[in-house]
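Q: Let chain V serve as the given structure and place chain L on it in line with the hints.
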Amino acid sequence: MQVFLQTLVGGLSLGAVYALVALGFALVYRTMGLVNFAHADVLMIGAYVASTFTMSEHLPFAVAVVAAMVITGLIGLVIERMLRPLEGKDFDLMLIGTIGFGIVLEALATLIWGATGRAVPSPVDTPPLHLLGASIPTYDLVVVGVAIVAMIALTLFLERTRRGIAMQAVAMDYDAASAAGINVGRSNAIAFSIGAGLAALAGALVGPLLYVSPSMGGSIGIDGFAAAILGGFGSIPGAVIGGVVIGLLSSFSAGHFHGYSDLVTFLVFAVLVMIRPTGLFGERTVSRA
Amino acid sequence: MSTTLSQPSSRVSAALQVEDLCVRYGGVQAVRSVSFTVEPGEAVGIIGANGAGKTSTLRALMGLVPRTASTLSFGESDLRRTPARNMVRHGIGYVPEGRHVFSGLSVEKNLMLGAYSKGWGRSQKLELDGIYEQFPVLGEMRQRPAGALSGGQQQMLAIGRALMSKPDLILLDEPSMGLSPKLVDDTLAILLNLCGAGLSLLLVEQNAELAFGATSRCLVVESGEVVTEGSTKELRADPQVRRSYLGI
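Each protein sequence line maps, in turn, to chains V and L. So for the first sequence, full-length UniProt numbering puts the first residue at 1; every next one is plus one. So for the second sequence, full-length UniProt numbering puts the first residue at 1; every next one is plus one.
Keep in mind that the hints were calculated from the coordinates and are not lab data. Just so you know, these numbers come straight off a predicted model, no measurement behind them. Yeah, the Cβ is synthetic: ideal placement off N, Cα and C, and Gly gets one too. You can take every hint at face value.
With beta-carbon atoms standing in for the labels, derived distance ranges: (1) L:G139 to V:I96: 47 to 57 angstroms; (2) L:D129 to V:L131: 50 to 60 angstroms; (3) L:R144 to V:L156: 19 to 29 angstroms; (4) V:L86 to L:G98: 25 to 35 angstroms; (5) V:D92 to L:G230: 46 to 56 angstroms; (6) V:I152 to L:L126: 28 to 38 angstroms; (7) L:G98 to V:F157: 27 to 37 angstroms; (8) V:G33 to L:S33: 26 to 36 angstroms; (9) L:T228 to V:L156: 51 to 61 angstroms; (10) V:T138 to L:K125: 41 to 51 angstroms.
This is chain V alone, in the form it adopts within the complex (with noise of 0.2 angstroms):
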């Protein structure tokens, strides 16, 4: 009992991230019908920032990961600014412009802080929980909250707000959300920049729980990857579910199959991925007309 209690609260904090991860992934495709693989890349830098915030200036938690999310929301903008002119012209070169922006900010990390990577203290220190005979460490809670917070802010944004809305028509019918006067350009930059800032959430969210290093985008990355495709690509319900899902498949592959966890994991995420191919709420799809 106590060992599935904290197992199953490390998969949800880790869940939450993949959640983040995924949500960034699924903003991004909705609005613009494009993946952005240079996603994880992103979420390293939002977990180096935050973490140099922390550890270097000393300055606390919370405010170390707003600055890491203004910085790569900034980060998002040059990116979509620097597409923006291939947009509606060639999808594929956007892509691959997203997979080498990736790539050139996995080499700017190298170059500012070294290829070796740092182990983050946690921000917590108050001692763990004990419920029910099991350990709880109180950051994995925070994880879950915060992450919460943001699922919550981001609907609401979506639903509830003029800009929201127009940025969800604008992911429906480009032309017809034109026409009713939205720039759509600037909508896909807010999209861009918002899915920067949760992938740095994120980052500097997992910072503590994993290892900060230059390639780190490439594992979280997947996860968070798969987290989207398994939830519907473009769910907003779904990248939460998916998350969450994926999150508690590693937790607990990881405390039975030890060094065959991952296998496990994307053994189970391909049954499910045949078994329904859109996903759990995939059945929207983005209209490029």
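A: Showing chain L alone in chain V's frame:
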């Protein structure tokens, strides 16, 4: 259907002037030097067969496809370099072919998005009530996703969305497409209602009968060119038009 329609803004004195409008897709010239004028408060139709360049003409006016023209103006505004997203600010509303409602969003959000360029204040809420009064069925379905509406209801929604920006001129692309004859009649009633309220109308239709019913003057296009134009009365009497477009 209620006949009340909020009066359009007082600046409805602008004429749409189009001269030498051309659209080229790669090597294909879809629209060849089309010229016409829509006077303030006038309803003008463009009829022609499928692929004649009617939709391309409207999309070119809106700036949704690259176009060239020696004149493209509405009132005092030169629109030759105006991107699609700014047309609504010049008082031009657009109802695309195939309706193109935002299918995942509620009816109410669709309508409010029509007023996106004006901000969402009290006068837009009033405008929304006006639309619900004019199209009661949209009021009943206001929280339903637009994609769940029938074709006819979606057509009303697309027109209502365009009206939300209080346009002076509406560009309507094929409003009868995919609708039953009964709904085509309803659409005609809506269009006549719009004209009665002083809006200018540019209507693209394959259904010549509907276009003749709603407009006072029509252009007939074939292969991207205007082949005939005249008052609805003249065109109805034209043997060529009767044969090709009215099936008489």
